Amino acid sequence: MLKHEAQAPPAPAARPANRRQISDRTLSQLFIWPTLILLIIINIFPLFYSLFLSFTNYSAIANRPPEWIGFTNFDRLLNSSDIWGYFSLTGRYALISVGLQTVIGFGLALLLRKKFRGSGIVTTLILIPMMLSPVVVGLFWKLMFNPAYGIFNYLVGFTNPVTAPDWLASPSLALWAIIIVDVWMWSPFVMLLCLSGLSAIPDYLYEAAAIDRASAWFQFRRITLPQVAPLLLIAVLFRTIEAFKAFDLVMGLTGGGPGNATQMISVEIYSQAFLGQFRTGRASALAYIVLVIIIAVSNVYIRTLNKVREG
Amino acid sequence: MSKQSRWFAALMIFALLALVSINVAVAQDGITQLTILWAEWDPANYLQQIGNEYEAETGIKVNVIQEPWGSFYDRMAVEWAAQGDAYDMVVGDSQWIGQGVEQGHYVDLTDFLVSEGIAETVTPATLQYYAEYPTGSGRYYAYPTEGDAVGWAYRKDLFEDPQNMADFEAKYGRPLQPPETWAELRDIAEFFTRPDEGLYGVGVYTQIDYDGMIMGFQNAFFSWGADWKNENNEVMGVVNSPEAVEALEFYKDLYQFAPPGTGNAFFAEMNDVFISGQAAMIMNYFAFFPALINPGVNPYAETTGFFPGPKGPNGDQYVSLGGQGLSILSYISPERQEASKAFIKWFAQEEVQARWAAVGGYTCNINVLESEEFLSNTPYNPAFADSMTFVKDFWNIPQFGELLEPAQRYLHAYVVGGEGTAQEALDKIVEAHQEILEDAGILGG
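These protein sequence lines are chains D and F, in that order.
Residues 1 to 311 (the numbering used here) make up the first sequence, in order.
Residues 1001 to 1445 (the numbering used here) make up the second sequence, in order.
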């Protein structure tokens, strides 16, 4: 009997009084504030501090406080033909790379849309490249591009190492080499988003179209594409932002060379901020210019996305 | 509280105070450990071995912290900026010394090195490049620790092959032997470039990061009589002089005999192409040659020979300086600074330097360098001892990193990318250098 009493649940009145005093509002703030404080320390503060630094000649290693120089950094950067060259190169890279990823990713999604025996395995295998570290990918593709013993030239038909192109040392091919690797790595990401979009299209739309004897092209143009477009645009948006920030793959493959041939804007920021130079102020200014451009491009995408959704 | 208890409490407090004071005394005077930062490579392991000997003799532990080369400068720079005392000493690159001195990171060792007679024990070139700042001032901030320079390795089996010897002599009218001039080196590189056999004449530095390309090109650049500056620190007309243009054209010409895929190559890639049998000759820092005489690593170890950098068209002979000096960081306590000086004094002794050389370190000690024991220790030591008498370096002022970047970029674009002409590449470099030096107040605007 005693044992039975000991196991009985305590009455509500026995709960500690202070627990009942925590209101929902207090509880929510207890959850929110640690996150907010963390965000302010590691995100908001560096954001504003780097904005301040962009107006100074600060060098992280110079052992002297930042000195205000107004818009000098922005003036120098925006009047430098080299910097505009790097922007143009990055834009070209983003356009070609994301374009190819969209086409290939969407194509793969269409191929894998219908389930077949082993489709799960095939999908998983295709997704592997995007799960790898870009630095590792860069390093092993560097070996594959080697004209003496790399497999890439052999696969594309250059079987004689003497006449095979040196992809990473040629100014006209180096950018394409990076694009090939980026497309190989990230097309699966576009495919994944497209697959989720395709699987959400109701079958009755196609059934109705088939009853109306709509051609396959008509079905693709009027049903598939509009239904997948919102997710496809999100994939394109993510990939464009990432392409503008291309860094690790470039460093792993070419280091920005030969010469300036693959000097993307992120590589230039790194080069200004570190690599013996440590021009922290100027690098911060360049990072802000890139930020403004990415926000502008993203806005265009988001407006288009909204139009697609509304339409 | 009873009287007995009060006495007991007083005794306990006294004992506690005595313990605390003893601990403080140990922390202030009894330095038990010295920490040295260096790059992650074999010589740092050798220094740890020597440090272990120091611990056995004095009881002071020497801890050599190794940082990968790619982030070595960044790690030190961040520590400098924070004025941190995590390290007592650093074996810093020769190019850092200007920054280390002007920004107050390095302790002035002039009186110590001179009064202890240490300055006289090392070769003048190493004292100048690793320790002195500004050049010619007679102020020293480091003990020359790891001497290094760019040297050459070659395949003796190829050079001594009777067929190769006969063919070479028939084609070039002179015997096939290690080159003494750059022109001879080019001919040999051309001779051994046989893509059908997977063999190429020469491996040269081309890396675009940091200072790889410059450290390779400089060997020709200086030997052609060119320089990065004149005695007034002027660069216009110096960096882009006709001799410099000729040297750059030569270096690009030489690159055509390099194994494919070496368009972004530095010391690791040089050893790789040699070990894999792709190159008949390679340039590399002497510090990376131990791998080439190790049969477990290099299948051609038994037949690998070494020679110093060749002469230019007018007989000038210079090689790029590598290596580092040991500096004491100014942010540590005076006690730790004294303990660091005691270590340097011990390390600089001739018998310790002889052991340093024996374990694989590249001593800068004159007597050890000239000793028969050192010269016969490895097949590359004679070439090293020779090279250390004609080394030359890039700028070592605090702006050296800024000066490196455009030089690396434009040299790489011309040599590897084939963009423009040598004159255009050097004109672009000199314009960038002029602007950086004007901004720094070294040149008038």
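None of these hints come from the bench; they were simulated from the model.
Since the structure is predicted, the reported quantities are computational estimates derived from the model, not experimental observations.
Positions of the beta carbon are idealized from the N, C-alpha and C atoms, including for glycine.
Treat the hints with caution; some may be incorrect.
[Said to hold, decoys possible] Computed Cβ-Cβ distance ranges for the label pairs, DEER-style:
no., chain 1, residue 1, chain 2, residue 2, range
1, F, P1313, D, Y301, 57 to 63 Å
2, D, R64, F, P1068, 27 to 33 Å
3, F, Q1177, D, Y154, 56 to 62 Å
4, D, Q29, F, P1068, 55 to 61 Å
5, F, G1070, D, P129, 51 to 57 Å
6, D, W217, F, E1431, 53 to 59 Å
7, D, K114, F, A1082, 56 to 62 Å
8, F, A1082, D, Y154, 48 to 54 Å
9, D, R221, F, A1268, 50 to 56 Å
10, D, R222, F, T1421, 54 to 60 Å
11, D, W176, F, E1160, 39 to 45 Å
12, D, K245, F, G1237, 39 to 45 Å
13, F, G1138, D, L95, 58 to 64 Å
[Said to hold, decoys possible] Output of the computed footprint for chain F on chain D, the stretches with three or more beta carbons under 8 Å from beta carbons of chain F:
no., segment
14, 50 to 64
15, 160 to 174
16, 179 to 190
17, 254 to 267
Okay, the hints, checked on the actual structure:
no.: 1; hint: F/P1313 x D/Y301: 57 to 63 Å; verdict: holds, 59 Å
no.: 2; hint: D/R64 x F/P1068: 27 to 33 Å; verdict: holds, 28 Å
no.: 3; hint: F/Q1177 x D/Y154: 56 to 62 Å; verdict: violated, 38 Å
no.: 4; hint: D/Q29 x F/P1068: 55 to 61 Å; verdict: violated, 45 Å
no.: 5; hint: F/G1070 x D/P129: 51 to 57 Å; verdict: violated, 25 Å
no.: 6; hint: D/W217 x F/E1431: 53 to 59 Å; verdict: holds, 57 Å
no.: 7; hint: D/K114 x F/A1082: 56 to 62 Å; verdict: holds, 60 Å
no.: 8; hint: F/A1082 x D/Y154: 48 to 54 Å; verdict: holds, 51 Å
no.: 9; hint: D/R221 x F/A1268: 50 to 56 Å; verdict: holds, 54 Å
no.: 10; hint: D/R222 x F/T1421: 54 to 60 Å; verdict: holds, 58 Å
no.: 11; hint: D/W176 x F/E1160: 39 to 45 Å; verdict: holds, 44 Å
no.: 12; hint: D/K245 x F/G1237: 39 to 45 Å; verdict: holds, 41 Å
no.: 13; hint: F/G1138 x D/L95: 58 to 64 Å; verdict: holds, 59 Å
no.: 14; hint: 50 to 64; verdict: holds (count 4)
no.: 15; hint: 160 to 174; verdict: holds (count 8)
no.: 16; hint: 179 to 190; verdict: violated (count 0)
no.: 17; hint: 254 to 267; verdict: holds (count 9)
In summary, the numbered hints that this structure violates are 3, 4, 5, 16.
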